Structure formats: C-alpha cells, structure tokens
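Dock chain B against the given chain A, drawing on the hints supplied.
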Amino acid sequence: MNGMTADCCKGTCHAPEQKSEVPVWRWGIWWFLASEIVIFGGLIACYLLYRLGHPEWGAEASHTLQWVGATNTVVLLTSSLTVILAHDAVFHFKNYRRGAAFMGLTILLGLTFLGFKSYEYAHEIGAGMVPARSLFWGFYFLMTGLHALHVIGGLVANTVVWRGLKRGHAVHRTESVGIYWHFVDVVWIFLFPLLYLANG
Amino acid sequence: MEEAIGKTKLFVGIWGILLAALAVSILLTGLGHPRVAVFLIFGIAVAKASLVMAYYMGLAHEPRYITLILAGSLFFIFVLFVGLIPDIIYVFGK
Chain A
1 MNGMTADCCK GTCHAPEQKS EVPVWRWGIW WFLASEIVIF GGLIACYLLY RLGHPEWGAE
61 ASHTLQWVGA TNTVVLLTSS LTVILAHDAV FHFKNYRRGA AFMGLTILLG LTFLGFKSYE
121 YAHEIGAGMV PARSLFWGFY FLMTGLHALH VIGGLVANTV VWRGLKRGHA VHRTESVGIY
181 WHFVDVVWIF LFPLLYLANG
Chain B
1 MEEAIGKTKL FVGIWGILLA ALAVSILLTG LGHPRVAVFL IFGIAVAKAS LVMAYYMGLA
61 HEPRYITLIL AGSLFFIFVL FVGLIPDIIY VFGK
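Chains A and B, in that order, are what the protein sequence lines are. Per the working numbering: the first sequence = residues 1 to 200. Per the working numbering: the second sequence = residues 1 to 94.
No wet-lab data here; the hints were simulated from the structure. These figures come from a predicted structure and were not determined experimentally. Treat the hints with care, as some may be off.
[To be verified] To give an idea of the interface, some chain B residues facing chain A are shown, with a C-beta separation under 10 Å as derived from the structure:
#1 L28
#2 P34
#3 M53
#4 Y56
#5 I66
#6 F76
[Said to hold, decoys possible] List time: in silico SDA-like cross-link candidates among lysine to any residue, alpha-carbon distance up to 25 Å:
#7 A/K117 with B/G16
#8 A/K94 with B/V12
#9 B/K7 with A/H147
#10 B/K7 with B/F81
#11 A/K94 with A/A157
#12 A/K117 with B/A49
#13 A/K117 with B/L19
#14 B/K7 with A/K117
#15 A/K117 with B/K9
#16 A/K94 with B/A4
#17 A/K94 with B/Y55
#18 A/K94 with A/S176
#19 B/K9 with A/A101
#20 A/K94 with A/H147
#21 A/K94 with A/V171
#22 A/K94 with A/H172
#23 B/K9 with B/L59
#24 A/K117 with A/H172
#25 A/K117 with A/H147
#26 B/K7 with B/Y55
#27 A/K117 with B/A21
Beta carbons are placed, not taken as given, at the ideal position from N, Cα and C, and that holds for glycine.
So here's chain B without its partners, still in its complex pose:
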C-alpha cells in the first residue's frame, strides 16, 4: 500500500514539474536571442515528453524491446528528415 501511495505522489510530482517546465518555456520566448530560446524550448519539450513516456506511459518499466519498437519509428522520421535536408538547402539556401 505504501508503494502505491508513493507512486501516486510521484505522478503528482511529475505533473508539477511538467507545469513548471511549461512556464519556463513560455518565459523563454521573452529571451533576447530567439535562436537560443528555440533550442532551449525544444530541449524542454523533449524532457517533458520523456517524463510523460517514462513514468505516465510506463516505458521505464517496460522491457527494452518495447522502447526499441518506438525508437524504430523515430529512426524512420530521422532518416526522412536528414534525407530531405540537402533538398531544402538546395531550394532555399540560394
């Protein structure tokens, strides 16, 4: 029972962290350097998504091959992105 109560507290704590991270992201838009702000904001988004996936979706407790299934999908997206970058540079880089 204590373990279950501890889990509930963990979930509420993560929710607090997610809301705090959202507030920081919004405050960063007021930063004088837009490019730096964008990198930081996306870094925070990745951290927030990782927290949700690891603890709320339970990926932290799933076998590693489940994570690999999802990583496989992300790999295809990465290939698409990297594969199209030369085209973007060719079209818009002039």
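Bound conformation, chain A alone:
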C-alpha cells in the first residue's frame, strides 16, 4: 500500500515524506544553468540569424586568431578533465590533497585561457577589429566577453573550493563548481566554431 500502515484506515497516518533523489544544491545548480542556457542560447540564436543574412561575416571571421581559439579550446577541455579528476579524487578516493592539486591545475588552466584571450583582444583591437567596425565584431566581443566573465566567476568559485579542499572539506562544492565549469566549457565548444571556424 505504498508504504502506508493500517493506521491509515483510521485516518491517523501521514503519507511517507517524498524525498527527491537529487539534493537541493544540485537542483540549484541545474536551474541556474537552465537560465544560463537562455542567455547564451539567445545570443547564439541571434548571431546565427544575422549570420544567415550576412554572408560577408565569413570574411570578418577570417580575421580572428584561429590558433589562439584552438589553443584555448584545448586549455578549456583539459581544465574540464582536471576539475572532474578533482571531484573524482575527493569523492571516490577520499584523497583531498590530490583533489586540491587537480583543482589548482584547473585554476591555472582557467588563468591560461584568460591570458590567451587578453592577448587575442589586444591583437584584434590593435588591428582595428572593434565593435564599431561591424556587427560581427559586436557579437564577437559580446559573446566572448560574457564567456570570459563566466570564466572569471568560475575561477573565483574554484579558488574558494580549492582552499576548502586544502583544509579537507568541500566535497559537494567540488561537484557543483565542476558542473558549472563544464558548462563554461560547453559554451566555448559552440563559440569556437561559430566565431573562428565558420569563416567560409
């Protein structure tokens, strides 16, 4: 009878409490990411619609530094691996020291990404590729800039968790910041081909 006792017949029982198999903190991160999908998805959808009407944007895209974009993709993909290895080390092996080391490596890779991005911005702005030049560059700086802000936010969260791991706690936080960091990676997986590779 679905967990109810005979007392139910007398009207004195309570239905068993329904507990979600997903903890609250994970609900929170997924809802947060759902809202982030709308932000980045809306931007990407608008970019694609404009791109359909502006074939000349292909020539503009050819001015982006493809090798920097590709290097940054490798950096972010690798940081996704290190952040999950940090969680793996703590959650499965209870090895906080190793977890902190992988989280530290993730932070370094995030900083490397920002370093390459800064170099790229300096090169492009120096060559006159500014938002005022065309709508393509407006989209380029808006989307990559918003993404870079998310990387910075992720780095702050990762640093807090890294400090926690060094003290031997923050297991769940390792997972939640990891999920967020992977999302930042997923966004870049789409931005890279959109802005750097689709230049034909």
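Frame of chain A, contents of chain B only:
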C-alpha cells in the same frame, strides 16, 4: 575501487575523444565545400557538448526531469530562432 578507477579511465578517454574531435573540426575548414564543412563542424560541436554534458556534468546519471529542465530552456531558444526566421527571410531574402 575498481569502479572508481574505471571511471577515471573513462574521463581521460573522453578527453582524448574531445581533443580528436577538435582536430577533425579544424581540418574540416580546409574542405573544399564550406557549407558542408560548417554542417559537419557544428555536428561535431553538438557531439562534443553532449559528451561533456552526459559524462563530465553527469547528466547521464541524473533523473530524466533534470534533463527536461535544460531541454525546456533549449525549447525557448528554438522558438526564438524559428519565430525570427521569417523576419530574416523578409529582410535579407530580397
């Protein structure tokens, strides 16, 4: 413990696949047919994002309603995209 080690190997294997897919995407830009290349490159991007979401973010092990929350967001984007296509055709299709 063996299961945990197996998971670690899986994560490293996925990272290898993601890097290989990135290399293929870059090589495709040299393809003689830009339109075909763009479709293939975006197909690869979707596959890469799916791998990250399923295994790194753990969506493959989450209840289905979590996936539905994210799919709901994607649905709104789809509506925006499809809803604006006639406008784009009207403005730029002349």
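Exercise. Mind listing which of the numbered hints don't hold for this structure, in increasing order?
Key: Violated hints: 9, 10, 14, 15, 20 and 24; rest satisfied.
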